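Just so you know, the sequences run in chain order A and B. The first sequence runs 0 to 425 under numbering that gives the first Met the number 0. The second sequence runs 0 to 283 under numbering that gives the first Met the number 0.
Honestly, the hints are just simulated from the structure, not real lab data. Possibly wrong hints are sitting among the right ones.
Unchecked claim - Straight line, CA to CA, 27 Å or less: simulated DSS-like cross-link-like pairs of lysine-lysine:
1. A:Lys25 with A:Lys38
2. A:Lys170 with A:Lys316
3. B:Lys194 with A:Lys38
4. A:Lys170 with A:Lys146
5. A:Lys316 with B:Lys2
What the hints assert, rightly or not - Quick partial rundown of chain A residues pointing at chain B, CB under 10 Å, derived from the structure:
6. Glu94
7. Tyr185
8. Gln373
Because the structure is a prediction, the values reported are computed rather than measured. A virtual CB, placed ideally from N, CA and C, is assigned to each residue, including glycine.
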Amino acid sequence: MTDAATTGAAAPADGPLTTADGRPLKSALARAERIRRVKAMLLVLPLLLFILITFLFPIALMLFRSVDNPIVADNMPRTIAALEAWDDRGELPDEAVFAALAADLAEARRNRTIGRLATRLNYETGGLRSTVTRTGRRAQRLKAPFKEALIGLDEDWANPETWAAIKRLGKRLTGVNYLAAVDRRYDVNDNVVPQPEVRRIYVGNFIQTLWMSVIVTIACLALGFPVAYLLSILPLRYSNVLMILVLLPFWTSLLVRTTSWIVLLQTEGIINDILVWSGIISEGGRIQLIFNAEGTVIAMTHILLPFMILPLYSVMKTIPPIYMRAAMSLGAGRHYAFWRVYAPNTLPGVGAGCLLVFILAIGYYITPALVGGQDGMMISNFIAYHMQRSLNWGLAAALGAILLFGVLILYWVYSKLVGLERLKLG
Amino acid sequence: MLKPPDYASTPERIWHYAFIAICAVVFLFLIAPLIVIIPLSFNSLPYFTFTEEMLALEKGAFSMRWYEDFWGRDIWRQSIVNSLFIAVCATVLATALGTVAALGLSRPHMPFRAFIMGLLISPMIVPLVITAAGIFFFYARIGLTGTYLGIILAHTALGTPFVVITVTATLIGFDHSMTRAAAMCGADPARVFFKIVMPLILPGVIAGALFAFVTSFDEVVVVLFVASVEQQTIPRQMWAGIREEISPTILAVATLLIVFSVAVMTTIELLRRRSERLRGVTPA
């Protein structure tokens, strides 16, 4: 600083510029900008911390559950340790392992944790719940040799697969939930094999979820494009009125709209009544329109349509009508001009609308749960089922992680393609 | 625009009217489900369809009994109070946090803007079931399940993206020389904010607050996962109604909610016009 001041005094023409208090201008500017950055950051900080603590951290915690597996390791420490040495999967483990199991189960019963243990093992191999609880009840009174005693209690202990499952679940971090989420499992030799036919649910449902979301997106685009176009070419006083028809559903409660679709589509509902009254179908031939995949797609299309129309409209509004006229005066026909000149200009809106609708559709829960019935279920419904009913939280977390991963990729594409600043509402 | 130009050929005319017809059908698709609910909610019989007496407009076919049923039941009245209380608290929190954050994000010197914006908007994008599951485990650990505070905090997180987006949008094209001019005239930062910035961004703030309010008011998944019976809200009560004992009371509630959304929509539209006038943007 003194250096700058002296050189500044000696050679004012080519020395570094300084501020009034003698600091080099460059560092003074850097300092001022740093202060501004810190100030901007301080404004954002409260919300950022809030979102991190109440939103992102809980989700991270939940996702950790998909690999976290403490139950077996905590409740069967002796068995897991004894199973270390068991390598030949064709043979049953030796007497020491059976003795350890009897001790572990007796203790788990005393600690009242045997129920959770039994449930966890049951997720892996169906039928183990009763085996474990029954064995737990008698474990206290068992006498050596434990091998014969345990096998005498339940045949499952004579099955190497049972032991392979226990050994596998003894690890604190596990991939079994992800395997289950893609309909795979480990066999007795720890090879990954497909689940038996009847237990393959999730891959099919992921495909169904994607497929339904694609249909909803296409339906929204097909219905939304002409409407957005009409709104963009009408004079403002007409388009403002028609816009109400788009915005009213947008602002109306999701449950209200779902309710109204139930009222409209049920077999005794208005659509069926009109069809019967007009003679298109007979009284006995009423169509099942709701509580299936079709009803879900119809209701979801209605609910998500405004999310397609609004971005489309805002892009179409910026396309000068003069482009079309120029193309047509150069000899293009109406259709040629539309597809070669107008349509490419709407692509940003089409991209934004489709991505938004698809992102929202793929994670839908309420509507499929209320009107989906059996075959209109989406992956969110399975997540909620495992969260609330089966209590298989590891599997729920794994399914959630896969869904979230897909959504985040789409979100990233959206931010690159459309830009988050252009995310507009209403 | 509703008439084809005079020079249009016959196929063009046909296409033109077909286009209008398609649009009319789509508008009908959008609005009919909401309109249909309203007369059905006055049905005097417990049916979800128009009775012949209703179609004949007989007086006895209509009644207010489902509205009376709605108003007469404690559980519904309690859920209105709960919904309003939770939504108001969440809205105040979300608006305060979101507005301040949007001011920071709109400053030209904000570092990592795109990344932070991505994080702040993520509650809007992450599927609600995943959010609800995460919050459920987190609350179970810290003892917030079944509390008003827990639901208010969760709804605040869900509402903030809307505030951030709407306020950031009003700040686009904000003339920073006005704040500098105010500062040069001797106003301290708080005065600059309340006298200069706030009046200009107010439409965006109110719009964001309305979005946050509606988000909380309409939210059911988080409530289903973390609330106890005590925190029964209107959407949760409707959810239960649709799943279990579907009665036209639901339709009466739905009609009231439609009226409510008309009010919200009108407010938003008036605000948008005011904002455009203030910023000197002529309606496009």
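task = Go through the numbered hints given earlier and state which of them the structure violates, listing their numbers in rising order.
result = 2, 6, 7 and 8
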